[in-house]
Amino acid sequence: MGTELLLFYLFGGVAVTASLLVVLGRNPMHSVLLLIVSFAALAALYITLDSPFAAVIQIIIYAGAIMVLFLFVVMLLNAHKEDEYVSGGAQTMKKPLYAGALLAVVLAAELVWALLRTDRATDGLLTGGAAPDAVAIGDVRVLGQLLFTDYAFAFEVTSILIIVAMVGAVVLAKREL
Amino acid sequence: MIPLYIAQFGIILAVFGLLLVAAAIMVYAERKVAAAIQQRYGPYLVGPKGSLQPIADVIKLIFKEVLRPKGADRILFMLAPIISATAAFAAFAVVPFGAETDLFGLIDHRISLQVADVNVAVLVLFAITSVSIYGIVLAGWSSNSKYSLLGALRSTSQMISYELSYGLSLASVLVIANSLSLTGVVNAQSGTWLGFIPRWFVFLQPVGFLIFMIAGVAETNRAPFDLPEAEQELVAGYHTEYSSTPFMMFFLAEYINMVTAAAVATDLFLGGWHGPWLPEYLGWIWFLVKIGAILFFYIWMRWTLPRLRYDQLMTFGWKVLLPLAALNLIVTAAGVIYFGN
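Residue numbers (my numbering), protein chains in the order written: chain A, 1 to 177; chain B, 1001 to 1341.
If you are wondering where the hints come from, they were derived from the structure by calculation, not from laboratory data. We treat Cβ as the ideally placed atom computed from N, Cα and C, and that holds for glycine. Be aware that a few hints might be false.
What the hints assert, rightly or not - The following label-pair restraints were derived from C-beta to C-beta distances:
1. B/Ala1333 to A/Gly2: 40 to 50 angstroms
2. A/Thr3 to B/Leu1061: 34 to 44 angstroms
3. B/Tyr1310 to A/Val170: 38 to 48 angstroms
Based on the sequences and whatever the hints tell you, model everything.
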């Protein structure tokens, strides 16, 4: 248990630090890379939770596929100008700042509320059912069966959402088809 | 008796060293085979028949000056080759290269000849491949040079496009083998049909093997898919601005990636360390022979086929290879359900 706790604090610390630097950093390129570090630390946390499949998928999809696209966008927009934008347009930045602060307060309240409820999580109130045992989560076969039986609806809805987003992107990018 | 962890450590060191040696041999073989195909001698001055040429090259590269272009991002410029090389070495960690062994009775337990036997090995391989893309992107961006940037963009879009077909052709093998672990896949290929045909998946999955090999060449940025470093257009692609040791790391990563791709192809389609005549504990000899054959094929292809045009490459990847791979997976899955395993 000792090592597990140590690893939790290590990778949790890395994730939190990297995430903070993402928000506080001035260079968008570095922010994107630190976000990848944060995702990698989360993947390590999944491994300590006996769920290597989720960890690897986290790396492949988030750190691998999605962040590469992010990186492309940042690279091609050549977004070096954030500093000037902030210092030059302090007045115009006020409103988004207020909205952001409000959202942060809501998020904090939500977190506190969720954390206060953790004692009830063992009853299955938060997980929506009895907690499956750790070995079953790691098994890809069990995961696949659950995904296509119990969670089939959520799965299909997600895939429709992604298809819609993709079609939308193509329509927006190509004016005449 | 040697304790288990020392044996494990020994295997890690051996894999690391052998990968370096393999990269050196590949460089030499590439130049010699190229020379033979073009009716030249190739390197022949350093060492017997020029066989020490790679070592001479390494020494030359180490003693060169490390140059950094003006306006390059200092941290990322140095980080990029490190990411590339690390990912290349890490990918081989999950690749098994021999049957379980007790190292001729030196240790109590039987250990498998690989660094880490992960039960989601194939996915780990993919995760590391997707991370290795960052080495190339960052090299291209941080160099502050248009050739590097264009090379990196091409390289990345090529790798992302062909990764899909790569993954799908691999998935059909996993469906047949009923396992996500590479050791499991290899062990599913032991034995023979009718007494003489080895039960290699290449015979069950000829289309899958073809797709895997083509996508593998594209993944490793080799000719005829070496668009990222198309010399006539891009000087050298993403590593144009690199010199000395950082350049060497890219070079190393490229050759190690080839070795890994060949090793994975061997494990998935060519029965890994299974082969006739040799006892199982010498299976790694078969493994080396098979890898050598695939790598020779890579070199042969490079010096035979001209480079594709970029739009041809993308059209081929998305409109031919990907549908074919998807179809192959569907047919395989249907076959597995119909015939059982």
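Hint check results:
1. B/Ala1333 to A/Gly2: 40 to 50 angstroms: 45 angstroms, holds
2. A/Thr3 to B/Leu1061: 34 to 44 angstroms: 41 angstroms, holds
3. B/Tyr1310 to A/Val170: 38 to 48 angstroms: 21 angstroms, violated
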